[in-house]
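Visitor: The sequence shown begins at 28 in our numbering and counts up one residue at a time.
Hints listed in this document are in silico derivations from the structure and should not be mistaken for laboratory results. These figures come from a predicted structure and were not determined experimentally. Fair warning: there could be bad hints in the mix.
[Said to hold, decoys possible] Below 27 angstroms or equal to it, Euclidean Cα-Cα: the simulated BS3-like pairs (lysine-lysine) are:
1) 92 <-> 81
2) 60 <-> 126
3) 95 <-> 126
4) 126 <-> 92
5) 81 <-> 95
[Claimed, not checked] Pair by pair, the computed Cβ-Cβ distance ranges are:
6) 135 <-> 78: 17 to 27 angstroms
7) 62 <-> 144: 34 to 44 angstroms
8) 100 <-> 157: 27 to 37 angstroms
9) 63 <-> 139: 32 to 42 angstroms
10) 60 <-> 144: 18 to 28 angstroms
11) 63 <-> 86: 29 to 39 angstroms
12) 95 <-> 155: 34 to 44 angstroms
13) 58 <-> 84: 33 to 43 angstroms
14) 82 <-> 154: 27 to 37 angstroms
15) 121 <-> 84: 32 to 42 angstroms
16) 143 <-> 95: 12 to 22 angstroms
17) 78 <-> 138: 27 to 37 angstroms
18) 86 <-> 138: 11 to 21 angstroms
19) 148 <-> 78: 10 to 20 angstroms
Ideal Cβ placement from N, Cα and C applies to all residues, glycine included.
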Amino acid sequence: MRIIHDNPKISSRRGELRTFLFWGWIKIHRSVKQDSQQWHAIVAHEYKHWEHYKRSWGLHPIRYKFSKSYRYQCELEAYAAEVVSQESIWGALNYRARKTAARLIANEYDLNLEPCNVLPELTAEILSQTS
Numbered sequence: 028m029r030i031i032h033d034n035p036k037i038s039s040r041r042g043e044l045r046t047f048l049f050w051g052w053i054k055i056h057r058s059v060k061q062d063s064q065q066w067h068a069i070v071a072h073e074y075k076h077w078e079h080y081k082r083s084w085g086l087h088p089i090r091y092k093f094s095k096s097y098r099y100q101c102e103l104e105a106y107a108a109e110v111v112s113q114e115s116i117w118g119a120l121n122y123r124a125r126k127t128a129a130r131l132i133a134n135e136y137d138l139n140l141e142p143c144n145v146l147p148e149l150t151a152e153i154l155s156q157t158s
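The task is simple: from the sequences and hints, build the whole structure.
Guide: In structure tokens form, the structure reads like this:
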């Protein structure tokens, strides 16, 4: 696993996971300051996707692309890890952080969900990661 900080190819996304066989790279957009709270949140989110990749024996990209339920579960876990990583500043159960994450999950991943339906499941996932 390697973290690359300066990646001008990412335009709207702040971070992404790239994988090849047993290697992985987390690329973070250059506009995010290294060691900032946002930087650590992006690393936590993308590292959770790295765990998905390893757990699925490399089938994560295929399952993620074609299965909406798998994509939903992966993003719930990743955004929960992101919110939990911000615990020192906001608190793991900060409503604004959870609401923003639920909105992103519902609207940005082609899942056709309502944020109000995602929020309870995201909260449950956050609680499972903090205990």
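Visitor: Please go over all the hints and tell whether each is borne out by the structure.
Guide: Now the hints, each set against the structure:
no.	hint	verdict
1	92 <-> 81	16 angstroms, holds
2	60 <-> 126	24 angstroms, holds
3	95 <-> 126	21 angstroms, holds
4	126 <-> 92	25 angstroms, holds
5	81 <-> 95	19 angstroms, holds
6	135 <-> 78: 17 to 27 angstroms	21 angstroms, holds
7	62 <-> 144: 34 to 44 angstroms	35 angstroms, holds
8	100 <-> 157: 27 to 37 angstroms	18 angstroms, violated
9	63 <-> 139: 32 to 42 angstroms	33 angstroms, holds
10	60 <-> 144: 18 to 28 angstroms	34 angstroms, violated
11	63 <-> 86: 29 to 39 angstroms	33 angstroms, holds
12	95 <-> 155: 34 to 44 angstroms	21 angstroms, violated
13	58 <-> 84: 33 to 43 angstroms	34 angstroms, holds
14	82 <-> 154: 27 to 37 angstroms	21 angstroms, violated
15	121 <-> 84: 32 to 42 angstroms	35 angstroms, holds
16	143 <-> 95: 12 to 22 angstroms	18 angstroms, holds
17	78 <-> 138: 27 to 37 angstroms	21 angstroms, violated
18	86 <-> 138: 11 to 21 angstroms	20 angstroms, holds
19	148 <-> 78: 10 to 20 angstroms	19 angstroms, holds
Violated hints for the displayed structure, listed by number in ascending order: 8, 10, 12, 14 and 17.
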